Amino acid sequence: MALPKYTEPHYRIWHYIYLTICGAVFFFLIAPLFVIFPLSFNAEEFLSFSDGMKRLDPDAFSLRWYKDMIYGTKNPWGLAAKNSFIIAIFATFGSVILGTVAALGLSSRHMPYKGLIMAVLISPMIVPLIISGVAIFFFMAKAGLAATHTGIVLAHIILGTPFVVITVTATLSGFDHSVTRAAASLGSDPVNTFMKITLPLILPGVISGGLFAFVTSFDEVVVVLFLAGLENTTIPIQMWTGLREQLSPTILAVATCLIILSTLILVTAELLRRRSERLRGINR
Amino acid sequence: MSSETKQILTTDGIPLEVSLKKAEKKNKIKAFLLVAPLLFFLIITYVFPIGDMLFRSIDDKMVTQMLPKTFKAMENWDGQELPDEEVFAAFHEDFIKLVEDKREGKLSTQLNYTKNGFKSIIKKLRRASKKFEEGNYKEQIMSVHKRWADVEYWRAIQRRAPEFTGQKYLKGMDMYVNQEGKIVSVEEDRRIHRVLWLRTLEIAFFVTVFCFLMAYPIAHLLATLPMKYSNLLMICVLLPFWTSLLVRTASWMILLQQQGIVNDFFVGIGLVADDNRPEMMYNKTGSYVAMTQILLPFMVLPLYSVMKTISPSLMRAGKSLGGTPFVAFWKVYFPLTIPGIGAGCLLVFILAIGYYITPALVGGASGTLISNQIAFHMKSTLDWSFASAMGLMLLSGVLVIYWLYNKIVGIDNIKLG
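Residue numbers (our numbering), protein chains in the order written: chain A, 1 to 284; chain B, 285 to 701.
Hints are supplied without guarantee of correctness; some may be wrong.
Said to hold, decoys possible - Partial selection, computed: residues in chain B whose CB lies under 7 Å from chain A:
(1) L480
(2) L530
(3) S535
(4) L645
To be verified - With beta-carbon atoms standing in for the labels, derived distance ranges:
(5) E245/A / I380/B: 30 to 36 Å
(6) N462/B / I17/A: 34 to 40 Å
(7) H149/A / N396/B: 22 to 28 Å
(8) P190/A / L304/B: 16 to 22 Å
(9) V468/B / F34/A: 51 to 57 Å
Note that these hints are calculated values from the structure, not bench results.
Please read these numbers as outputs of a predicted model, since none were measured by experiment.
Backbone N, C-alpha and C define an ideal beta-carbon position, used for all residues, glycine too.
Use the sequences and the hints to build the structure in full.
So this is what it looks like as structure tokens:
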């Protein structure tokens, strides 16, 4: 954003102050994440930069915490990762199917009580997690699903669907309904029309909703804390216990892996968003 | 002209109006059937359980059912002086039954919520009751412990007679019903919940303000920069947004600890002495800093999406009409961003007011919020009805904001990323 040549000096100064402020805020946002990276390669057990690391001495860096993460006996990271992925994948599928179908109904102009129903469907996203946790725990305990994978998957479907509903309704808002009518007039039944016409067009929205649902489940700790038994431990629960008891560098190794994962998800989500906007004909 | 020609008929001979209504109804049902699976799933697994919380928070049947005869006998008691033999005998009968079922521990926990000091005297009564002789239970019970001869404790039992009670809600606001049946506040030094409510509001408010102050300039920069730069900078906003909450909290724990990088930096530039490093974690500062950074993307994204739609020519027009850049900004640009400000602020405030994980990890004792208290009662004291009551008090606050949000922004206008 270059300033025009005629800009008066005091506006020029103000402009640089503004840029400095922006820089500082961006630094505040992103820098904390990058602290974790180097520290996870620390050869020592401390969570600050050793003198060796400041001198970039190769001996000060090691992979021991990554080894500990994978082979360490004390930390059931393996079990936690397995559980996290299983739960997140099932929860994502559940959320995507329920959420997409509901979004199709919601974006029909014939939908009665749209506002009220939308409010109910979105509520798990708005209600503080701790309250959701208490309520879902009461339900799962009564249904005999506490401390089971099924219970946690159902809980995460509850928390994940609002994201799918929002992203898919947003995609459908730019959807040209005449194409489904065209399909119907050519003799296609509704299911076929959905699979062949609607779904391919709204797929970017569905997938990005699914990514939100996946991350919600994968990162969720409050509700799981109420629901999980020892067998259902997940990565967030392990991190939570680790952070509460003792901040060990192994956690930083796990955190680094999680940052890499979230970067991958971010890239996918961005690509999808751009594709979706291109399809919807939004010029940016 | 006959009446038939006035009506337009479809090819089947049915009036068009009827036919259209029928089709409309069919479409309505179709649309509803699509929403139905999720709606019913949520109603059963989510909306009803929240209603269940409401029920639990006022439900007080447990004690009513444990001491049925006592409460029946107490109906004639005016509560002024010690109850008479009839009440004591009934209480003894109920109590023996509870001991047989091994449920007297539950009774003591319950009564202890109403008045401290029941735990030990119920234990003593259990031991003594084995040797009780028939008749004159008043004397015998009173001789177990002097508190059993204290009318206050009997009044406390009487207060548990109703099946429903609002006392958990009063407790959540540090109030209780005193002997005269009036609602009063507890002593000033014991008002822990009010402190927590106020602190929750305070932290949520200031986190919202900090987020706004930080997000506004960068959202503006992102919206006005050319695409190729702003996409790169957008990653700085979106990467934290997609990163695990626990990872971000962990990074703040590393940064803010006493031997941490922020403190090292302050020592390095000579702001603080090496032996006098300030405590920046396990207090309010920790909660403020970490929560602001974690919630910042939720402010930037709605602001950005509104600013993106504001044409730059408006500012130029403002300037060309003689406004200084500041005037043009304040009179033209800022009012146009108000919808985004409303959306971002409400979103951040709602999220901050219910925050649990981050305050629990970096907040210490002075930086925890009402959510942490709810979790404490769910997991440690197991007073689930109190946890439910506080949860619903928090929820009603959030719903008011949610309603406002819906009025101002419209719930269908939430944008993600």
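Structure-based check of all given hints:
no., hint, in the structure
1, L480, "violated, 13 Å"
2, L530, "holds, 4 Å"
3, S535, "holds, 4 Å"
4, L645, "holds, 5 Å"
5, E245/A / I380/B: 30 to 36 Å, "violated, 46 Å"
6, N462/B / I17/A: 34 to 40 Å, "violated, 59 Å"
7, H149/A / N396/B: 22 to 28 Å, "violated, 37 Å"
8, P190/A / L304/B: 16 to 22 Å, "holds, 20 Å"
9, V468/B / F34/A: 51 to 57 Å, "holds, 54 Å"
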